[in-house]
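Take the sequences, apply the hints, and build the full model.
Protein chains: 2
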Amino acid sequence: MTPPAPRPRDRGIPEATVARLPVYLRALQGLDDRGILTVSSEHLAETTGVNSAKLRKDLSHLGSYGTRGVGYEVEYLIYQISRELGLTQDWSVAIVGVGNLGRALANYGGFGTRGFRIAALLDADASVLGDTVAGLSVGHIDTLEDVVAKENVSIGVIATPAVSAQEVCDRFVEAGVTSVLNFAPVVLNVPPGVDVRKVDLSIELQILAFHEQRKADGYAGLDPFGKGPA
Amino acid sequence: MTPPAPRPRDRGIPEATVARLPVYLRALQGLDDRGILTVSSEHLAETTGVNSAKLRKDLSHLGSYGTRGVGYEVEYLIYQISRELGLTQDWSVAIVGVGNLGRALANYGGFGTRGFRIAALLDADASVLGDTVAGLSVGHIDTLEDVVAKENVSIGVIATPAVSAQEVCDRFVEAGVTSVLNFAPVVLNVPPGVDVRKVDLSIELQILAFHEQRKADGYAGLDPFGKGPA
DNA sequence: GGTTGTGAAGTAATTCACAGCT
DNA sequence: AGCTGTGAATTACTTCACAACC
Chain F
0 MTPPAPRPRD RGIPEATVAR LPVYLRALQG LDDRGILTVS SEHLAETTGV
50 NSAKLRKDLS HLGSYGTRGV GYEVEYLIYQ ISRELGLTQD WSVAIVGVGN
100 LGRALANYGG FGTRGFRIAA LLDADASVLG DTVAGLSVGH IDTLEDVVAK
150 ENVSIGVIAT PAVSAQEVCD RFVEAGVTSV LNFAPVVLNV PPGVDVRKVD
200 LSIELQILAF HEQRKADGYA GLDPFGKGPA
Chain R
0 MTPPAPRPRD RGIPEATVAR LPVYLRALQG LDDRGILTVS SEHLAETTGV
50 NSAKLRKDLS HLGSYGTRGV GYEVEYLIYQ ISRELGLTQD WSVAIVGVGN
100 LGRALANYGG FGTRGFRIAA LLDADASVLG DTVAGLSVGH IDTLEDVVAK
150 ENVSIGVIAT PAVSAQEVCD RFVEAGVTSV LNFAPVVLNV PPGVDVRKVD
200 LSIELQILAF HEQRKADGYA GLDPFGKGPA
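Chains as they are written, first to last, in numbering that gives the first Met the number 0: chain F, 0 to 229; chain R, 0 to 229.
Calculated directly from the structure, the hints in this document are not laboratory data. Watch out, some of these pointers could steer you wrong.
Copies of the same chain look alike in the list, so a pair counts if it fits in one copy or across any two.
[To be verified] Below, in silico cross-link-like pairs of lysine-lysine (DSSO-like), each with a Cα-Cα straight-line distance of 27 Å or less:
(1) Lys214 with Lys149
(2) Lys149 with Lys53
(3) Lys56 with Lys214
(4) Lys149 with Lys197
See below:
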């Protein structure tokens with residue numbers, strides 16, 4: 000009888016806003032590093048490439064943290080955004096697949112920075128087991144369930160070939176992981192309640208190719224007929 | 000005097016649709032590999048994780064390629080989507096930055112598949128120059144302009160550390176590249192007419208952390224007070 | 001004077017629901 | 001009978017423009 004689960008709709012922040020908060024956060028950290036104390040929506044918007052009204056509306060969803068006539072205090076805003084994003088606590092991440100991509104991810108500075116901790120690197124390939132990558136020893140995929148439980152992993156990163164991705168995902172989910180970041184070029188199937196985000200190189204390239212083609216067709220030629228293939 | 004460039008707005012396909020076409024395309028190729036000849040919007044929607052009405056509307060922007068009562072012919076739809084995305088021609092790609100990420104990208108199968116050709120791998124670090132990666136010899140960054148001109152590069156991929164990204168981007172743009180795919184965690188500045196897409200691991204993690212925190216706050220506790228930190 | 005926060009207006013994307021074709 | 005293609009309705013997001021405040 001339960002109606003078709005209208006999702007407990009975020010009593011809060013629009014998804015589009017959530018996706019921009021990390022961008023603001025990074026820009027703010029840059030300002031902080033340079034010792035800048037306050038910033039206006041106009042300035043912060045410019046450095047992050049958004050419209051200033053949008054930035055103000057985004058921030059207004061978190062609360063009223065600016066000062067009229069002055070702007071936003073950089074450190075305070077960093078704290079508020081971090082808190083909203085859940086970065087004031089540490090999240091354990093497990094990376095499965097230690098090929099070039101997995102290594103790139105493991106060595107990526109962004110992990111080390113506040114908020115994330117790599118709990119384990121796992122792979123099925125015996126030839127990389129025991130390798131040390133980013134200070135961690137690569138473990139066997141069979142230990143996935145143990146690692147998730149023991150290290151309290153909440154985010155699983157899939158950097159395996161496409162063919163293994165769904166299986167790894169299933170194991171993550173079965174072990175209790177509810178957030179997955181997928182680099183394999185497949186659509187993952189997960190039960191409700193599990194969030195999946197995907198990063199897909201070839202999709203990005205194809206989107207660029209589309210626009211590139213548009214530029215070639217449309218502008219350069221100034222051909223009013225455009226579309227026609229012949 | 001030119002007004003603030005209201006962008007020659009695509010006389011066509013919504014951006015949200017463009018971003019999904021590659022997903023449909025991949026699913027269709029999977030069906031084709033399995034010898035499946037036709038597919039309904041319902042079925043294709045299910046395997047790509049979208050609503051079937053959305054899928055039909057997306058496809059309707061390309062033309063009327065289905066058959067009522069039957070569905071879509073798989074091969075024909077593959078061809079039409081490929082054509083729309085500009086994949087019936089080959090695009091030359093240059094990758095700058097041959098660390099783990101650059102290597103992962105170079106070896107990524109998605110490139111090889113129809114539509115993209117890696118024209119060059121470039122790096123500033125003398126220690127990797129001349130290395131062979133994915134069958135290509137790594138060249139020096141100073142040859143960027145030559146390579147872009149000679150190989151007719153239309154998409155530049157930036158896989159360098161953050162600090163070098165803007166400079167590499169400027170050189171790409173100066174050399175005539177109008178599409179950039181950026182993996183470095185910085186907001187790139189480009190003139191109008193140049194498309195930039197970014198892929199940013201830490202943004203994805205932070206978005207997941209946000210939702211993870213929501214799940215922890217909201218559901219598990221069933222605490223009606225939620226928000227308050229103490 | 002300067003800048004935020006936000007209703008109201010405008011634009012884009014999604015979903016519904018069904019006419020129209022096979 | 002089955003499935004597409006699409007107007008109409010809905011929902012989400014963006015931008016404008018200005019009152020409120022420092």
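Hints, one by one, checked against the model:
In this assembly of identical chains, Lys214 and Lys149 lie within 27 Å of each other by CA distance solely across copies; the values are 20 Å between and 53 Å within a copy. When the C-alpha separation of Lys149 and Lys53 is checked against a cutoff of 27 Å, the pair qualifies neither within a copy, at 42 Å, nor between copies, at 42 Å. In the homo-oligomer, the alpha carbons of Lys56 and Lys214 lie at most 27 Å apart only across protomers (24 Å), although the nearest pairing inside one protomer, at 33 Å, exceeds that limit. In this assembly of identical chains, Lys149 and Lys197 lie within 27 Å of each other by CA distance solely inside one copy; the values are 26 Å within and 34 Å between copies.
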